[in-house]
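There are 2 protein chains.
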Amino acid sequence: MSEEIERQTRAILRGDRLAITRGITKVENEKEGWDELLSRLYRHSGEAYRIGVTGPPGAGKSTITQKLIAYYREHNKNVGVIAVDPTSPFTGGAILGDRVRMQSESMNEGVFIRSMATRGNLGGLNTKAQDVADLLDAAGFGIIIMETVGVGQSELDVADAADTTVVVLVPESGDSIQAMKSGLMEIADLFVMNKSDRDGADQAVSALKTILTMRITHANDQWHPDVIRTVGTTGKGIDILAQRIDHHHHFMTEHGLFQKRQTHREEQRVRELAEELLSKSFWTEERSTLLKELAPKISARDISPQEAALHLTTHEVGAIE
Amino acid sequence: MSEEIERQTRAILRGDRLAITRGITKVENEKEGWDELLSRLYRHSGEAYRIGVTGPPGAGKSTITQKLIAYYREHNKNVGVIAVDPTSPFTGGAILGDRVRMQSESMNEGVFIRSMATRGNLGGLNTKAQDVADLLDAAGFGIIIMETVGVGQSELDVADAADTTVVVLVPESGDSIQAMKSGLMEIADLFVMNKSDRDGADQAVSALKTILTMRITHANDQWHPDVIRTVGTTGKGIDILAQRIDHHHHFMTEHGLFQKRQTHREEQRVRELAEELLSKSFWTEERSTLLKELAPKISARDISPQEAALHLTTHEVGAIE
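Protein chains in written order, with numbering that gives the first Met the number 0: chain A, 0 to 320; chain B, 0 to 320.
Accuracy of the hints is not assured; some may be wrong.
Below are the DSSO-like pairs computed for lysine-lysine, each with C-alpha atoms no more than 30 Å apart in a straight line [what the hints assert, rightly or not]: (1) A:K25 / A:K76; (2) B:K279 / A:K30; (3) B:K296 / A:K259; (4) A:K30 / B:K296; (5) A:K279 / B:K76; (6) A:K76 / B:K296; (7) A:K291 / B:K279; (8) A:K279 / B:K291.
No lab work stands behind these hints: they were computed from the structure.
Okay, chain A solo, but in the shape it has when bound (with noise of 0.2 Å):
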């Protein structure tokens, strides 16, 4: 086994792509080995850039996450994108156009796309995706790029998974104020409002900016977020962004805040992985029967589901009449 999770490491760390595949395969779906091809991969990680895209559907995330990747490429950068899809079991793969598209970008040497997605996943989406992002990371790519679909908060996670958060936004009205409420604001590091192009740009723009303004200013070794306008169909913008996603990371790295966040990021990680490996071994055949025993007596409200619970890691499994 070992021998063969070696190979495996060695062919991810000369970038061999059906290798690569396989790996994140291995390690999505937690297959024998996944760990320990992720602990040897790991040591040879810690060079790329993580900069994660999200904001609201529709606003044109994935446009700017290709044209970003052309960037990229031109300033002789190799780029991973980890793309987190919802899964839809019935619609299936037809639904992924966009997604399609964005593969013409794959064929390139240097860019290596991957939808990961959120349900029926082993382990946190979070976690996962700072897997998968650690082994592309190892793979050389120097950019990898995480972008979500929707604003929830598994995908609000994913965000802290990277260096640099980028939220996009349309000017279409409420906007501003919907990725406020969906705590965007928040985990946003530079904000790009694209389609600017539009109606209405340089009020959403100026709304954008007022709240931001709103917001408590701390001392002059914090970050403050500011917006770019992109139209991210004709790439408007986008060098102006990188840039500015560029000047972020030099500004974190100045003042510390860069190996804090990492430190922070892996001190999370950690915790869920524990908490993961401690479900493993806690969820055996005995007490997922015994759960199951359970549930029609909840329902029928013979006993509640806090004593259930109580029930299932108090006692001895076999100790239960």
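For chain A, the structure is supplied; the task is to place chain B on it using the hints.
For chain B alone, kept in the frame of chain A given last:
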């Protein structure tokens, strides 16, 4: 303690609003006795019907919820509303305009509205929303509406907690497509095409219906979601929506699906509760300290997150050198 809990239980059971408010706060923050309180109340719950209202931001979920409240009040039902709102620490209360508007309804004796945050909460949001629903159920609210903001994973989980899940969409182009992407298609028992007086409503409804027929049809004992046209602002279509919710309820009961859904729900909940208890007893001060010591070593690539997690879960803390 038990005496105080008993007093609080009785006050909630007779519908005392202050006791309900305090009870929910206790449950949300897991203050001492919260689980005992819920266990006691649980025996008196099971009468309420739980409706989930979800959909993309801006679709008009709050308006639909308000009109449903009015409908059920006219039909002499008490309505409890759990509005799942992402917390936004810096925007504070100012942004909750529609929530405040909604409060005018809650002046009404038969209505109780409570907001829940999606961030910074103890326990899973899903579990907590169910806890609050149980409490309101025991307090005599015959209809419980769980309204969620956004379409992320946690929102989908909340929808799983409902007996009937209503997905609210608007006729804007691509919205149905986005809904599919977000996994809303799989959880919808009923679709509402809101703002259906707008241009493009007819096409949007047909597009959605076409998508729905693409779904593999099962036997006659399977529910087929349909599309209800509403205009939230005028209340048009709300009575039909309420009737369809009722129809779904009867259909599920007839075909034994209702009991099945509830049992599945309780099983999931106990699973989460048990894992929460497990996690709490695991993260002793010693283990938390160890984690903090490990994090910088991980950032420095001395050890991998997987190794750190394994170390935490398999070693006695005292035994670590």
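Checked against the structure, which of the hints given earlier come out wrong?
-> Result: hint 5 breaks, nothing else.
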